[in-house]
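Visitor: Sequence:
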Amino acid sequence: MNGAQARTNGAYAATSGVALEGEDLRTITEAWERFSAGMESVEGVRPEILMSWYRCREEYEVDPHLDRAPAAAEVGAHSIDHDVVIAELGGMAGAAAREVEGLDGLVTVADPAGRVLGTWGSRRIVHLAADSNLAPWSTWSEWASGTNGMGTALESHRPVMVRGPEHWCRGFQGWACAGVAVRDVVTHDPLAVLNISCWQKPLSDTALPWLAKVAAGTEAKLRQRAHHSGTLLAAAFADARVAPGTPLAAVDLAGSVVLANSEAAVLMGTPADTPAYAPAHRWTPQFATLPRLARHAVERARKDPDWKGATQVFVPLLGASVSVAVHPVFTGPQVIGVLLAFGAADGSAPPESPPEPAFGPGHARPVPHRVVALREDRWVLLDPREIRFAESDHNSVWLTTDHGRFVSATRGLDRLEQQLGDKGFLRVHRRFLVNLARVREVEQGFKGALFLATDARSRETVPVSRRHAPQLRQALGF
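Take the sequence shown: its position 243, counting from 1, is numbered 272 in our numbering, and each next residue is one higher.
It is worth saying that the hints were derived from the structure and are not from the lab. From a predicted model like this one, the values you see are computed outputs, not experimental measurements. Each hint should be verified, as a subset may be incorrect.
Claimed, not checked - With a straight-line Cα cutoff of 16 angstroms, these simulated EDC-like cross-link-like pairs (lysine to aspartate or glutamate) come out:
1) K250 to E415
2) K452 to D422
3) K242 to E117
4) K250 to E292
5) K452 to E489
Stated by the list, open to error - If you anchor each label on the Cβ, the simulated ranges turn out as follows:
6) R469 to R270: 27 to 35 angstroms
7) Q448 to A504: 54 to 62 angstroms
8) E69 to W408: 36 to 44 angstroms
Where a beta carbon is used, it is the ideal one built from N, C-alpha and C, also for glycine.
Kindly produce the complete structure, drawing on both the sequences and the hints.
Guide: Structure follows, in structure tokens:
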């Protein structure tokens with residue numbers, strides 16, 4: 030047993046301090062009943078729990094009477110940092126499990142999508158947890174399973190406790206749980222989540238401090254790695270071959286500036302020739318589009334290590350767009366950031382990065398007459414009338430069209446809804462936006478559920494949530 034594991038000894042010996050008893054229990058239970066029935070405001074609920082309830086009801090539309098978590102779906106590739114963090118948390122979870130066995134406690138580790146990867150605890154509690162799918166191959170994100178320790182921790186930047194009726198789904202209210210997400214210290218995206226659960230018993234009042242300590246220790250190691258990546262980015266900057274006077278900057282995975290020469294620093298509004306190796310010391314540029322550009326370049330480079338590109342970005346200082354060449358920087362097979370050479374033109378604009386329109390102050394962005402989508406390595410310009418419906422998959426949006434399925438260039442269904450709101454599109458579900466002109470049939474489902482058929486030949490259907498059904502009925506005139 031190493032030192033970190035040894036410090037878990039005795040962490041769960043106490044069971045006081047975070048229990049719900051008597052009046053508190055009744056208050057939260059009554060608040061949950063009123064809120065799940067549609068009341069807009071309730072009292073006696075902690076702010077972080079109430080915010081989670083709002084997300085579950087309004088944004089994610091999770092059934093409050095759910096009693097089993099849904100099965101996990103496959104997700105794409107992830108970084109090596111993710112694997113390292115998962116392995117480290119697994120070791121900590123195994124050590125902690127020996128402490129919670131006496132309390133019938135369960136320790137779980139989940140990935141950034143809330144998919145449970147491993148559970149530790151007594152045979153009885155593992156078997157009991159399986160009744161709710163609190164087990165590997167299930168999903169405990171908030172959007173899938175409502176307010177819970179793992180899912181709510183992924184939405185938060187600190188450890189969270191969810192007790193009994195604070196769970197959004199009634200079927201999980203016999204549990205008390207506490208979770209913490211370990212986040213990438215550069216992008217702040219979650220890498221994994223560690224959770225402790227007890228059945229019909231309160232958690233120890235030391236659970237949250239212990240979780241915070243585990244997350245802090247793991248993120249400290251990530252900061253050391255990120256500091257080293259910063260030095261490698263600065264070295265790549267020094268070795269870059271550009272013409273004299275070319276504005277040049279090295280930025281990390283989140284678009285923060287590690288190092289910029291004097292010409293680039295003027296454009297970006299950052300200090301010149303001042304390296305910032307540590308993530309906390311890096312500079313925020315004055316380009317609102319730079320984080321998106323950096324993330325796009327990193328995703329592209331991970332798929333194709335030989336990729337280099339160019340695009341245009343709007344520079345507030347100049348009030349105009351300038352060209353920028355994008356060169357990913359690697360350490361071994363891992364991309365750690367990009368070099369940006371402004372005003373350069375070494376390479377054509379990548380199809381995934383169309384030039385940024387030069388909308389200066391006082392210029393409104395026009396409503397698009399075409400929807401930009403991506404298929405393989407080609408941009409496709411779609412007439413909105415060709416789109417039958419759009420479906421969100423986390424931040425990605427899939428467009429089902431007369432020409433097949435495409436990934437929308439617009440990230441997030443909310444943003445696409447804003448673009449297409451005056452083109453006859455209506456939000457009918459938290460995950461679906463439908464072209465009303467393409468609706469061919471409306472089907473009645475179980476307990477009044479509605480489904481829209483947009484293509485009678487393939488029988489593709491779009492579900493309509495109860496919250497959106499009245500607006501749909503009004504829009505269709507029935």
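Visitor: Is 27 to 35 angstroms respected by the C-beta to C-beta distance linking R469 and R270?
Guide: Violated, at about 58 angstroms.
Visitor: Compare the distance between the alpha carbons of K452 and D422 with 16 angstroms, and conclude whether the hinted pair is satisfied.
Guide: At roughly 22 angstroms apart (the allowed maximum being 16 angstroms), D422 and K452 break the hint.
Visitor: What's the verdict on K452 and E489, does the C-alpha distance respect the 16 angstroms limit or exceed it?
Guide: violated, 21 angstroms
Visitor: If I claimed the Cβ atoms of E69 and W408 lie 36 to 44 angstroms apart, would that claim hold in this structure?
Guide: Holds, since E69 and W408 (Cβ atoms, about 43 angstroms apart) stay within the stated range.
Visitor: Take a quick look at whether K250 and E415 sit within 16 angstroms of each other, Cα to Cα.
Guide: violated, 49 angstroms
Visitor: Check the hint pairing K250 with E292 against an upper bound of 16 angstroms on the C-alpha distance.
Guide: violated, 34 angstroms
Visitor: Note whether the CB distance of Q448 and A504 lies within 54 to 62 angstroms or breaks it.
Guide: violated, 18 angstroms
Visitor: Is K242 within 16 angstroms of E117, Cα to Cα?
Guide: holds, 13 angstroms
Checked against the numbered hints listed earlier, the structure breaks hints 1, 2, 4, 5, 6 and 7; every other hint is satisfied.
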